[in-house]
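With the sequences and hints as input, model every part of the structure.
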Amino acid sequence: MFKGLQFEPLKLPAETAELRMQVRAFVETEMRSGILQNSLPNSDFNVGDSPEFTRKLGERGWIGMTWPKEYGGGERSFLERYVVTEELLAAGTPVGAHWIADRQSGPLFLKFGTEAQKQKFLPKVAAGEWFFSIGMSEPDSGSDLASIKTHATKVDNGWLLNGSKIWSSGAHLNHYMITLVRTEPQGKNRHAGLSQFIVDLADSNVTITGIKNLSGDRDFNQVFFDDVFIADEYVIGEPGNGWEQVMSELGYERSGPERFLSAFRVLVEFVREVQDNPNEAQMALIGKLVANLITLRRMSTSVAGMLQEGKSPMVEAALIKDLGNGYERLVPELIRLVAPQSLSPRFVDTLNQCILHAPSFTLRGGTREILRGVIARGLGLR
Amino acid sequence: MNEQEQLIVDTTKRILTDLCTKGVVDEAERGIWPKDLWHSLEETGLTRAGLDEEFGGSGGAQCDALRIIREAAGFAAPIPLAETFIAASMLASAGVTAPSGPLAVCSAEATFTQGEAGVQIQGKVENINFAEFCGHLLLVNEHEICLIPTAGLEFGTHRSLAGGHRGQVSLDTVVSGAQCLKLESAAETLFHLGAISRVNMMAGAMSSILNISVQFSLERQQFGRSISQFQAIQQQLAVLAGEVAACQRAADSVLVAPSLMDIAVAKARVGEAVTKVADISHQVHGAMGYTLEHGLNLLTRRLWDWRDEYGNETYWQIAIGQRICAAGADQLWPTITDAA
Ligand SMILES: Cc1cc2nc3c(=O)[nH]c(=O)nc-3n(C[C@H](O)[C@H](O)[C@H](O)COP(=O)(O)OP(=O)(O)OC[C@H]3O[C@@H](n4cnc5c(N)ncnc54)[C@H](O)[C@@H]3O)c2cc1C
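Protein chains in written order, with our numbering: chain A, 1 to 382; chain B, 383 to 722.
Note that these hints are calculated values from the structure, not bench results. C-beta atoms are modelled at their ideal positions from N, C-alpha and C, and glycine is treated no differently. Do not take every clue at face value.
Unchecked claim - Simulated coverage check for chain A against chain B, where a stretch passes if three residues somewhere in it have a Cβ under 8 Å from a Cβ of chain B:
| id | segment |
| --- | --- |
| 1 | 10-24 |
| 2 | 257-271 |
| 3 | 277-288 |
| 4 | 295-304 |
Spelled out as structure tokens, the structure:
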């Protein structure tokens with residue numbers, strides 16, 4: 001077998017079972033009488049942003065779970081974190097506020113940040129109080145990330161930042177954006193001369209304008225930088241090392257349960273619609289979707305196991321994301337074909353929301369085509 | 383894979399590389415028994431892996447046998463490894479040591495009545511694999527199994543997509559030398575073991591298909607370069623790799639004490655992948671892959687055959703869907719997390 005295509009079976013350790021039950025009990029209470037009452041569950045990590053819910057998770061130690069205790073973390077395993085995140089997604093809770101900070105900004109600080117940065121930012125993130133955005137894409141730079149034009153020039157004690165980022169999810173709600181910036185003019189090596197800055201989104205020289213997605217939600221933004229001063233203490237890692245740092249985020253970003261669970265609530269609500277008297281086509285479709293889901297989850301937990309062992313499974317992560325995104329896009333498409341004539345408004349709303357968000361599944365976090373390019377490299381084709 | 387399993391797989395691979403060439407598979411499809419291949423596997427104990435020594439086995443666990451079956455399928459091995467394992471292990475469950483040599487096994491809509499002169503068998507048996515190559519055939523009805531010698535039986539000329547005979551026989555006769563045994567849920571056991579074996583066989587064949595497709599794309603030149611350099615080809619092979627990786631993982635989940643859910647998930651998922659795997663691999667190979675001469679068809683024809691045996695995708699999907707609906711929407715997620 002080729003490198004990157006092997007997914008060793010992993011059994012979640014016993015201690016995760018109790019944790020899982022704790023999360024289920026917590027979510028159930030919040031759904032019945034707490035802050036999630038009356039909300040339409042949605043398993044898409046990008047839909048649903050509740051600082052209040054996030055703070056409750058922080059109180060329970062369910063953000064920054066794998067980080068050292070001295071930075072507010074829980075020193076728990078990747079597998080325990082996996083269990084918490086998949087439970088929250090499957091239940092359709094609003095996790096958007098802390099998702100990015102928990103998944104990739106925190107680990108980035110731990111790997112490349114200074115001691116002062118770790119002490120300043122991580123405890124607040126783990127408490128569910130500070131939220132982060134990703135500042136990678138630009139109007140002229142999507143898949144070709146190395147072509148970014150946002151740039152900074154060195155001044156005393158820091159940098160002056162100019163340019164603009166786009167598609168920045170939650171930038172209007174979050175506190176900081178980890179922003180990829182050109183700090184040296186582009187030379188022969190396109191990947192050199194890039195750096196990552198922590199930009200305070202409340203800075204008066206930062207302008208944030210909302211962009212509505214096709215569902216009418218304002219989820220992402222364009223963010224403009226007009227001579228924003230970035231103190232040296234707000235550079236992450238070494239100036240010029242930005243590319244390597246950005247790439248290291250991707251293993252975390254691509255292999256998690258959010259890459260195949262986005263449409264899960266549609267499946268659950270569909271089962272509720274038909275469970276009393278399902279016909280063969282409906283049962284067969286449910287079976288097909290469940291067989292695919294169980295297999296994807298098994299692959300994804302294998303990767304969580306690799307992350308736990310300190311490996312960086314880039315090809316495996318790309319492979320899961322591509323398979324998983326393809327799957328979650330198919331879920332609403334196939335379900336509508338066998339849905340009964342008469343449906344509850346709750347189901348119709350769940351289905352419609354998913355159909356409207358589905359085009360984003362195979363774009364965000366690396367497009368289908370880019371992922372397949374990564375897999376092809378793993379196959380030795382490029 | 384542990385060390386023991388790795389050793390078994392490596393040994394299997396070595397023997398098959400030598401003795402299961404395209405020529406051998408072609409001959410077998412023309413009715414010539416690949417006796418050197420079988421003997422070599424038999425001598426090394428690989429045809430009786432996963433069976434207790436008490437019943438003539440080489441010891442080890444069922445997953446050893448399944449690893450061998452998966453590996454052999456990657457060579458399109460035209461021998462009843464899966465059937466022999468299933469028959470021998472069902473006989474062992476009934477407390478009997480299987481006769482030596484390759485064994486065929488098949489479900490039978492038949493009654494077995496043990497008499498003085500042998501077993502009176504009445505009924506018909508369809509879709510028997512490898513019967514013409516096996517000295518014995520194990521017939522399986524709901525709660526009984528019946529081992530019969532094949533000498534003198536005519537199995538017809540029906541052929542499978544895999545290129546083997548698919549024997550049919552109607553019996554209303556006393557078969558001397560037959561042995562009839564009680565075995566609780568025999569038919570169900572056969573159906574499950576059959577599905578588990580086919581899942582592993584498909585996973586093995588797919589793994590080879592990915593290898594040869596990547597290799598072919600690197601070697602085939604068009605427009606002055608290897609076709610592997612075309613992005614359209616790279617993207618297709620990436621999709622193929624995704625399906626193949628998913629199927630290996632699905633097959634791994636039925637290696638050790640699988641639940642009914644595990645079997646259903648695996649057979650449904652792996653069967654589903656066949657469409658894409660065959661589509662992409664043939665597309666990448668161009669006209670060459672469409673020839674009888676090229677080895678690709680040995681593998682894809684088997685996939686088209688195996689996906690329908692022991693329950694096709696729809697069969698197993700409905701089995702899953704039925705269970706999910708009966709348990710209700712709120713049990714869906716717990717069912718998924720229980721399937722570790
Ligand atoms: C909901 C959502 C949230 C997002 N949130 C963020 C965020 O918070 N922060 C952030 O920085 N970005 C964010 N993004 C942006 C996302 O990372 C980009 O959409 C993605 O990288 C693709 O860039 P693009 O949209 O400019 O498409 P392009 O790169 O212009 O691609 C357009 C099409 O061309 C294809 N293509 C491009 N290059 C190649 C190639 N080499 N080979 C083959 N095909 C190619 C692509 O696959 C795609 O199909 C978000 C996007 C979405 C949809």
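The hints, checked one at a time:
Three residues within the 8 Å Cβ limit are the bar, and the segment 10-24 of chain A against chain B gives 3, so the coverage statement holds. With a threshold of 8 Å between beta carbons, the proposed coverage of the segment 257-271 of chain A by chain B holds, since 5 of its residues qualify and at least three are required. Figure legend: the segment 277-288 of chain A, annotated as covered by chain B; annotation consistent (9 residues with Cβ-Cβ distances under 8 Å, at least 3 required). With 7 residues having a beta carbon nearer than 8 Å to a beta carbon of chain B, the segment 295-304 of chain A meets the requirement of three or more and the stated coverage holds.
Figure legend: structure checked against the earlier numbered hints; every hint is met.
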